[in-house]
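Protein chains in written order, with my numbering: chain R, 1 to 146; chain W, 1 to 485.
You may find that some hints are simply not true.
Pulled a few chain R residues facing chain W out of the computed Cβ check, cut under 10 Å [said to hold, decoys possible]:
no.	residue
1	Pro50
2	Asp79
3	Glu81
4	Gly82
5	Gly95
Think about it this way: if two alpha-carbon atoms lie no more than 20 Å apart in a straight line, the pair counts; the simulated EDC-like pairs of lysine to aspartate or glutamate are [claimed, not checked]:
no.	chain 1	residue 1	chain 2	residue 2
6	W	Lys421	R	Glu8
7	W	Lys143	R	Glu81
8	W	Lys421	R	Asp11
9	W	Lys191	R	Glu73
10	W	Lys421	R	Glu60
11	W	Lys264	R	Asp62
12	W	Lys264	R	Glu43
Hint data in this document are derived by calculation from the structure and do not stem from the laboratory. Even glycine gets a Cβ: it sits at the ideal position worked out from N, Cα and C.
Here's the letter readout for the chains.
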Amino acid sequence: MSGSAGYEFVDAVTSDLSFVARGDSLDETFRAAADAVLAATVENPEDVAPRVRRRIALEEPDRELLLLRFLNELVYLRDAEGLLLRAAHVEVEAGPRCVRVSAELVGEPLDAGRHRPASDVKAVTAHGLRVTPAARGWEATVTLDV
Amino acid sequence: MPAPREMRAIGPATFEVPLGFRADMRVPLRVYGSEKLVAEMDDQVFLQAANVATLPGIVDASICMPDAHWGYGFPIGGVAAMDPRSGVISPGGIGFDINCGMRLVRTDLTWPEVKPHLRELVDGLAARVPAGVGSEGFVRSSKQDFMDVLRGGAAWAVRAGYGTPEDLEYTESRGCFPGADPRTVSERAVKRGRTQLGTLGSGNHYLEIQVVHPEDIFDAALARSFGIDLPEQVVLMFHCGSRGFGHQVATDYLQDFLRAMPAKFGLEVIDRELACAPIQSAEGRDYFAAMCCAANMSFANRQVILQRIREVFSLVFGRSAETLGIRTVYDVAHNTARFEQIATARGPRTLLVHRKGATRALPPGHADLPPAYRATGQPVIIGGSMETGSYLLAGVATGAAAFFSTAHGSGRTMSRHHARKLARCSEVEERMRKRGILLRAASRRVVSEEAGPAYKNVDEVAEAAELAGLSKRVAHLRPVGNVKG
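Looking at chain W on its own, in the form it has when it is part of the complex (with noise of 0.2 Å):
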């Protein structure tokens, strides 16, 4: 099924399908994308995007992203602003990977100076940083000091040795959401996620060396507010979450409001992944406390990954982390629902934002920015196959009609069963090689489920962010080394 008929164009790359589209919406879909981009969206991104809108307490639109596809409750690329009074609160409208994450890092080198180290530096970031199935961390944390973890998020990987005060400054909420309570998640979470502090995990994370050249940057100045200051400068980016912690948090709440929901909130199940629970209720206010020490545990985990990045580098380059200029440009959560300020024409109201696979995106003059980026607007980091690279973007004060949010990354076109079909691991390796990029995979099988053909074309998702007023492209960021989980 194409796009739904009922669909029309309300702004550039803006669509909107009214109320009627599911007989019991009570806001409508709003869809963000270029005609394309929408046209080959899958249909059943309406169909949960439909389902969402009919959830209790959303306020003005179930909303799309460019990069949206069918996910499991809410589509992936999902956006559902809810009231905290008469709203409720959904695990499968944030996901499995609590505050599955982006962190784009700058360096000093340029890379004629990181191209004779390129092997050494990949095999350096794969054996240090581990990554797929069954790995473990190199953080040996007590459960006290996990429950810090959960309170503190990545300040309390900085007070342990892992980083620097300055990365605080440009992670997304300082690298710590405030409502967590430890109390509220389960010895079995606390079991599961413990020793993997430190992991990148597998599937569609990674950790990549990335180039910028001269020819890819869109906005110079906004690049060199961002740190991107230097000709064919080396990046690094990397996308991991909170791991099995985060992966039983939203696993225990969604069973608990599978059961709660009929008999005690008496609450119509549409989706059973669309499970949640009102937000003033105490199981809502377990899970988003709950959900809050999952978003800290994935801040910490990308700080101490960073503080391996930085030591593999120093130790390659012979030279200090600080002096090779490694430091964090931003980090950005995906996968959160948090009460934000939003200016309304009645003036400021506050509601629930869940983001799946979104990124929030604050404009320039924001107060939650850091000093260095209130005139530009936040960095905003959309990360595209390992084949094609990814976008840094910055947000804009036309994102205010989706709550400040934006695309996360290029978002898939099919299953991974069938990109398993399309082509096969030794296939894939030797394209990247043809396109200069190392790959260090620690799956076959997921590389094949993550080659390229299996993303929507990550320049189209950009441009349309951009045109449709969501966040505006400041550079094109090319992979030449991937460490793939």
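In isolation and in its complexed conformation, chain R is listed as follows (with noise of 0.2 Å):
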């Protein structure tokens, strides 16, 4: 893991760009999979400032396609809006057939020369992609297409 952050890049589709996030609960490991995604697309991620507001809530039947969906929403509003968001405050939480997750999305628009831009996400893809209990916490397993 790099420092407090949650995640870390693998080594693993050779095409593209893999994560693993953790988090003691499910909320922290989404959050955890969303700065994943902002640090895939800028080298300065800790630059960008809490001055943009979204809310988003989201309803997949399991863990993995919310996690998919929750994550294509960040690629959207940066490449429809221009918006680098991180996840504020998340919480996900499991029905009978579904899981749903509600967000409070942060963050600001692009600005080439303060974030420095590093990869174009395309998409989150499903390859691999796994939520699972781990000893401690959760953790997921993402690929982006780069």
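Hey, can you piece these two chains together into the complex? The hints should help.
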């Protein structure tokens, strides 16, 4: 793990960029995964200031599909609205037939000079996507198409 | 894990992994490449190709090109033809960057003429062709215009003043997939892509100035037919796709298919990235129509970028692009699925051919070729790394065994994360400077990820493609200037 970020990029899929995100809870794991997408996009994710806020609420049949959609929302908002976002507050809740996430996303428009663009994340892939219980908390394995 | 023990050679640079490698395979695997290339392929290539071999309706073989490597869903360099009645269509068999492709452009200029202006040209191209994360294009299109782009592809661009009708003649499918229906794409896809016409993107996308040295020509007659007819001739090559529009189309349908597969279609999900739908289902037909829209956006994107390139060269040399002889040699698509007529022992048959990181390579005499290339076969472009250069090849009759497909690039050997650890941007830049290649990159991190050692040897890939009878080498093209997304 790189510091307290809760994610690390790993040598996996040859064509693209894979990471593992971890957290004590699903909330933390989703938040860490969002941080990983931001770190893939710009070289200076720590310089993204909380100037814009967005709320999202999503529902899917299982945790993997939920994480896929959650991260793809970040990719969409970056590409369609030029926003670099991290998840300030995340709540993942398991229902009888589905899993839900509600999140507050905070960030600001991309400033190439300050944030230093890295990879144009095209999409979050479903390849090898896993959200599993770990020795402590949860672990998510994700591959981005870049 | 090395290549599977069951694999055996069945022809020059051609190997087969028989049925049974995975119990539920419907067809064998066919892997093209030299012994060395195949031995060095990721073990995941064979496992992913075996997953593809289980898909309903797959015909003949699950095929890997010589540049195959571990991707998501299909391997990159994967080809699969599906029976349109019993088969499926899979976004993971096409890729998120739908019709990511390559265009080769010839000029009447020679390296001694260009060399004094190289910096000005590379700077001009970097300034006029937006690249990198968050870049917006120079084409301002209304929503209605964008719908016309999705229906018309490169023809829209030419009608709007970006390029010439001759460019369409030398673009695969004349720059337009006919099955496009904008009603099948989401508002999100439109919002994501509408401002990105005329942008290169990032990652492995680039725009290069290249030189063809006389000693790098393998077939002078074919080279002349493709417009490579001057000593030390300068050519231009660029690689880009359908940008956020195509990425969103693929994302939307992947998520839809994942929901529908088990419940509606009764299909087993082997790898979620291999999500698919029957070709004849409403979902399958809608995805095909949306995928055609993205393919057309990509053809239009490359067409408007060519116009910017013409403007830069015209400005620097003080002559019109026409008098500089700047003409499209050919434009090829990499990530597509399309219905193609395939000759079989029992007569012609229409199949849906998925190519993911693979290039169509039509043989001499094929009816879909423009008259100028009817005798030569289709020009094929294999893009190498920014340090090592690329190849121009031609389609050949023996390519029928692979549904007239060949390699699309040199193929990665390591993940981007691994490549970053091997060389800093400054080291790669210095190495390229010593080789006489001027680089302008939008991202320093991407330079490390895209360094030469992150790719297979392009010479070996092009040679294997020829040995395997997939395509024939025409010329090696060496970079002198590179604009990197």
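Cross-check of the supplied hints:
1. Pro50: 19 Å, violated
2. Asp79: Holds, because the Cβ-Cβ distance from Asp79/R to chain W comes to roughly 4 Å (cut-off 10 Å).
3. Glu81: Result: holds, 8 Å to nearest chain W Cβ.
4. Gly82: Status holds, d = 6 Å.
5. Gly95: Violated, because the Cβ-Cβ distance from Gly95/R to chain W comes to roughly 16 Å (cut-off 10 Å).
6. Lys421/W with Glu8/R: Status holds; Cα separation ~14 Å.
7. Lys143/W with Glu81/R: Distance ~16 Å between Lys143/W and Glu81/R Cα, so the pair holds.
8. Lys421/W with Asp11/R: Distance ~11 Å between Lys421/W and Asp11/R Cα, so the pair holds.
9. Lys191/W with Glu73/R: 13 Å, holds
10. Lys421/W with Glu60/R: Between Lys421/W and Glu60/R the Cα gap is close to 37 Å, so the pair fails against 20 Å, i.e. violated.
11. Lys264/W with Asp62/R: 17 Å, holds
12. Lys264/W with Glu43/R: 43 Å, violated
When the structure is compared with the earlier hints, violations turn up for hints 1, 5, 10 and 12 and for no others.
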